[in-house]
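Trainee: Sequence:
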Amino acid sequence: MMRVFVTLFGLVGLTIAGVYIVLFIQQYRYENFTGPDVRPAYVELEPIHIPILRGGVPIETRTYVLVVETGLGQDAGIRAQELRLRDAFVSQMNMLVTRRAPENLDNIDFVRAELKRVSEPVVGVGIVRQVLVRTMTRQANPNA
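The numbers in our numbering rise by one with no breaks, and the one at position 108 of the sequence shown is 108.
Just so you know, these hints were derived from the structure itself, not from any lab.
It cannot be assumed that every hint is accurate.
What the hints assert, rightly or not - Calculated lysine to any residue pairs in the SDA-like style (CA-CA distance at most 20 angstroms, straight line):
id, residue 1, residue 2
1, LYS116, ARG79
2, LYS116, MET95
3, LYS116, ARG84
4, LYS116, VAL65
5, LYS116, VAL57
6, LYS116, ILE127
7, LYS116, MET136
8, LYS116, ASP106
9, LYS116, PRO142
10, LYS116, GLY77
11, LYS116, ASP87
12, LYS116, ASN94
Only a predicted model underlies this, so the values are computations on that prediction, with no experimental measurement involved.
Hey, can you work out the whole structure from these sequences and the hints?
Mentor: Next up, the structure:
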């Protein structure tokens with residue numbers, strides 16, 4: 001009888017200890033994965049103007065306000081490279097317009113993926129988490 005009691009007491013103790021350890025590990029993981037390296041920081045870039053040409057004639061101008069999502073503490077690096085980053089974005093968007101078709105700029109998810117891809121050589125791999133399009137406006141050329 002005593003052996004059964006000791007065994008049950010041991011099993012209950014191990015169960016309580018196991019639950020406590022699992023809860024502790026979950027709390028530890030939560031604190032470490034929600035720390036400063038995971039929380040996002042946002043850097044809004046100056047507007048980018050992209051002319052749309054048809055037959056060499058500008059028919060409209062699109063203006064994009066882009067926001068770069070990065071990790072907290074990495075936003076200073078984005079700001080330091082903002083001119084190079086904007087240049088890479090303008091070059092890529094102009095390439096999308098001239099080599100493919102202006103309609104590619106209507107596919108916002110495609111544009112965002114392309115801009116994220118071209119940001120990696122400029123600021124480093126994994127620094128830019130997302131490129132967000134805050135606003136996009138179109139202005140038709142009245143002379144076209």
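Trainee: Looking at the structure, which of the earlier hints fail to hold?
Mentor: Violated hints: 5 and 9; rest satisfied.
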